[in-house]
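Residues per chain are reported as follows:
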Amino acid sequence: MQKSFEAPRSLADAVATLAKHGAAARVLAGGTDLLVQMRSGARKPAVVVDVKRIPELTAISLDAMGATIGAAVCGDELAQHAELTALWPGLFEAAALIGSKQVQGRASIGGNLCNSSPAADTTPVLIVDEARCILAGPSGRREIAAEQFNTGPGRNVLAQDELLVALFLPRPAARTADAYLRLIPRTEMDIAVVGAGVRLTLAADGTCSAARVALGAVGPTAFIVPEAGAALVGKKIDDASLAAAAAAASAAARPIDDKRGTIAYRKHVAGVLTRRAARIAADRAAARA
Amino acid sequence: MPKLHIETTINGEAAEFLCEPHTTLLDALRNNVGLTGVKEGCATGDCGACSVMFDGRLTCACLVLAAEAEGRAVETVEGVAKPGRLHPVQQKLLEHAGLQCGVCTPGIVVAAKALLEKNPDPSEREVRFGLAGNLCRCTGYDKIVRAVMDAAATLRA
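Protein chains in written order, with the working numbering: chain B, 1 to 289; chain F, 1 to 157.
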């Protein structure tokens, strides 16, 4: 039963609160996971720590190095940031797929990552975009690649007294673009059966010079598929190279059978979505200087 | 433990209420403030019947802790109509019979108004996706969508 509600105004206060309460405290950003979990009894924090009054958690900044997005920035606010959505259309489209407009008015990329669902929509894109997680705890700040943040379903590297402050996205190189696709049984408001994030860089001659492919919902965490990226590098993006990337993605997918899909179906769809997302990323990259 | 005393703004007016730390904004609006326009359809953020504007963003009141409302602004369906004048979304829902039991309707009104304020000329597809967070058990959505499209045209005129 939740006994108290805290709303620290500074990062130092937030860290002190988390250190003081330990496992009894849970961070609240948008609440679209936490409040649902509290209602079902899946989580029973005695202390809820609202971090939305801390400036670093709700700030967005963009400079020559890249973008720093506060962990509690909601998807709707992200969608309204024209420069961010232009530089990282894949991340924006992943955030725009989470739930409904109502959910996007609260849900944050930081929370999506920290909830550590294997099916989280923004995680595959954070991975391919080489996002870095900025964490704060009693001994100060540390950074970790988004690729290493989650360790299993519902589990991540955060210590009891740490919180995610922001995500840093390095500015993409020229002729580079990302994309995200997911499959759900309905048209909206559902959890990914498979999610595929791709980032491609095109050389001047139109061949692919760099490629990253990450899959979500087909393993205990989202993960990068080096073989799928390698299948595209040095080649023109055409049916043959896309088919090779798709095959690599299907082979790498390690889903379970559950109510959303069978292993066979999900492995197949992992390939399909990889092929389509790679095509979208390539078209976007080609359109960029 | 002592209750929390929350001072907030609801539909443009200063408001205050007492609540527990775990009280949702949905429950506080209905039980502590007496604004029963928000409906509890699921309490898990899936149905949209409790849609409100929270600091200018469309969201489900069941996904907000009432304590978060301190110093922030809440707009509910009760604030949509002006004195003596329904909002076009409300008027068109009536004209098109876009409701039957009416339980989803307050959420639809708030969500549709928010949709049209962001996108004054939506396609039908955009209206359906924009209202994906609002479930209706009665109407089959068709009349709701027609009403929202008609309200959009009225607002653009």
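Treat the hints with care, since some could be wrong.
No more than 27 Å apart at the CA atoms, straight line, and that leaves these computed lysine-lysine pairs for DSS-like [said to hold, decoys possible]:
| no. | chain 1 | residue 1 | chain 2 | residue 2 |
| --- | --- | --- | --- | --- |
| 1 | F | Lys143 | B | Lys44 |
| 2 | B | Lys259 | B | Lys235 |
| 3 | B | Lys236 | B | Lys259 |
| 4 | B | Lys236 | B | Lys267 |
| 5 | F | Lys143 | B | Lys3 |
| 6 | B | Lys259 | B | Lys44 |
| 7 | F | Lys143 | F | Lys118 |
| 8 | F | Lys3 | B | Lys20 |
| 9 | B | Lys267 | B | Lys235 |
Distance ranges between label pairs, derived from CB positions [claimed, not checked]:
| no. | chain 1 | residue 1 | chain 2 | residue 2 | range |
| --- | --- | --- | --- | --- | --- |
| 10 | B | Lys44 | F | Ala97 | 38 to 48 Å |
| 11 | B | Ala16 | F | Leu155 | 47 to 57 Å |
| 12 | F | Gly71 | B | Ile263 | 41 to 51 Å |
| 13 | B | Lys44 | F | Cys42 | 33 to 43 Å |
Output of the computed footprint for chain F on chain B, the stretches with three or more beta carbons under 8 Å from beta carbons of chain F [as the list claims (entries may be wrong)]:
| no. | segment |
| --- | --- |
| 14 | 121-135 |
| 15 | 209-223 |
Just so you know, the hints here were simulated from the structure itself, not pulled from any lab data.
Just so it is clear, CB atoms sit at the ideal spot from N, CA and C, and this is done for glycine as well.
Unmet hints by their number, sorted upward, for this structure: Hint check: 1, 2, 3, 5, 13, 14, 15 fail, others pass.
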